[in-house]
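Engineer: Spelled out, the chains give:
Protein chains: 4
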Amino acid sequence: MNKTIMLKWLQEGSISIPTALLTHYKTLKLTEQELVLLLHINSFLEKGNEFPTPTELASYMTMDARQCHEMLSQLIKRGFISIMDGNNENGIRFEQYSLEPLWNKLIDLYLFINKQEKAKEAEKAET
Amino acid sequence: MNKTIMLKWLQEGSISIPTALLTHYKTLKLTEQELVLLLHINSFLEKGNEFPTPTELASYMTMDARQCHEMLSQLIKRGFISIMDGNNENGIRFEQYSLEPLWNKLIDLYLFINKQEKAKEAEKAET
Amino acid sequence: MNKTIMLKWLQEGSISIPTALLTHYKTLKLTEQELVLLLHINSFLEKGNEFPTPTELASYMTMDARQCHEMLSQLIKRGFISIMDGNNENGIRFEQYSLEPLWNKLIDLYLFINKQEKAKEAEKAET
Amino acid sequence: MNKTIMLKWLQEGSISIPTALLTHYKTLKLTEQELVLLLHINSFLEKGNEFPTPTELASYMTMDARQCHEMLSQLIKRGFISIMDGNNENGIRFEQYSLEPLWNKLIDLYLFINKQEKAKEAEKAET
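Those sequence lines, one after another, are chains A, B, C and D.
Just so it is clear: in the first sequence, position 80 is 80 by the UniProt record's numbering, and no numbers are missing.
Just so it is clear: in the second sequence, position 116 is 116 by the UniProt record's numbering, and no numbers are missing.
Just so it is clear: in the third sequence, position 31 is 31 by the UniProt record's numbering, and no numbers are missing.
Just so it is clear: in the fourth sequence, position 73 is 73 by the UniProt record's numbering, and no numbers are missing.
Bound conformation, chain A alone (with noise of 0.2 Å):
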């Protein structure tokens, strides 16, 4: 019994994220609990849900689905998360979230953030 628990674990994996955005979230201007929320978004999407209702999302936080739905949508208004529609191949309209405006917006402030060191680093030098 405790090996198929085993196996289910295994399967389950881990979820692995860019130890940039641990460190720069904060930078970011985001929350713990807003972090957390893109974490669990990140997740879904990988899982191939890519349109978690916050219903959805709410049942793995510390907050309830019109909380959840009121992060999303100030996620949304500045900038981290975007939604996109199409059409499938079947013809049915569909919608899914990105965190392309979110990753975009932390190699920004990487790039930024190395470029400031390598300015002082410079300065330094001369001095």
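A portion of the hints provided could be inaccurate.
Put simply, identical chains are the same to the list, so a pair is met inside one copy or across any two.
Unchecked claim - Pairs of lysine to aspartate or glutamate, EDC-like flavour, derived with a Cα cap of 20 Å: (1) LYS29 <-> GLU123; (2) LYS47 <-> GLU12; (3) LYS29 <-> GLU70; (4) LYS47 <-> GLU100.
Just so you know, the hints here were simulated from the structure itself, not pulled from any lab data.
Since the structure of chain A is already known, use the hints to place chains B, C and D on it.
Structural biologist: Quick look at chains B, C and D alone, frame taken from chain A:
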């Protein structure tokens, strides 16, 4: 220059967390902020800093060192973190955090949930 | 432009494999080439391609499609990969690889090794 | 007892490797066996053993220490691994492996491939 930044990004790498932790922290009575604090501790441990200060931890989080200290105390009291101490090879006393209590709680919960699911299935099969 | 490439890199992400697989594949009588073939299959499965052809797999490896086909057959025969088939919602028959046999073997070995270690410790404690 | 084993499994964790490495090692002229040797070195580095011996590495692989030593020499010569040396705080000389050359080659290749793809797209757009 951009190559250097990509190399740095690659070397910073990614953090991998068990999917079960993201799915079950709510049931373990952890808030999102507590979860992220635990992820930061895990990340410090992996980088070899085994006893990060509240100030170090808070620098990445949306709280100050005093609040972080308070949350750490609570997590120790509630049995998610332990502090191990000992003497290193040079006879110097050291303290370090361990997340073993967290993993133990998570495994207990995981085993419990799977047992329940099996019981339900067995019940269904009987009727 | 470099930002686009970093975004692509980030979105391609990373593959995470259990440390135990890297540590124990030799004991499971797998060669390095077989291990990497299994990693490729795992990677295809995660991307949603559940029955990659020998040609697709070989395109990333230092062997040709014929050799890859042969290695796949051997791994199925030796009980590391299974093929599941069924009918999808549109009634179309499909086949897909499953790595469940591999994970089962790995867990069995892991449990066996840990049991042995405990037996040794118990023996030591007695003497 | 099974709980202890699950805890150990969880603490051993997982290794995460950039998807790009699995996709492109062939183009970098690495064989599967060389790739896995590099993964083992990476794994030792992460665990804090920065200069594993051929014997230690070979113990996990399907080759003996002598073959492993030969492969290491070749990988150094071909610019995938470097050896850094220095003196630690106690004045003791140390040597350690670095995989920076590998990551540099991978990034170079990645940038090159993306540039080529863009050139092709531009060509198409013109015609």
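Engineer: Please go over all the hints and tell whether each is borne out by the structure.
Structural biologist: Against the structure, the hints come out as follows:
no.	hint	verdict
1	LYS29 <-> GLU123	neither (29 Å within a copy, 41 Å between copies)
2	LYS47 <-> GLU12	both (10 Å within a copy, 15 Å between copies)
3	LYS29 <-> GLU70	within (17 Å within a copy, 23 Å between copies)
4	LYS47 <-> GLU100	both (17 Å within a copy, 18 Å between copies)
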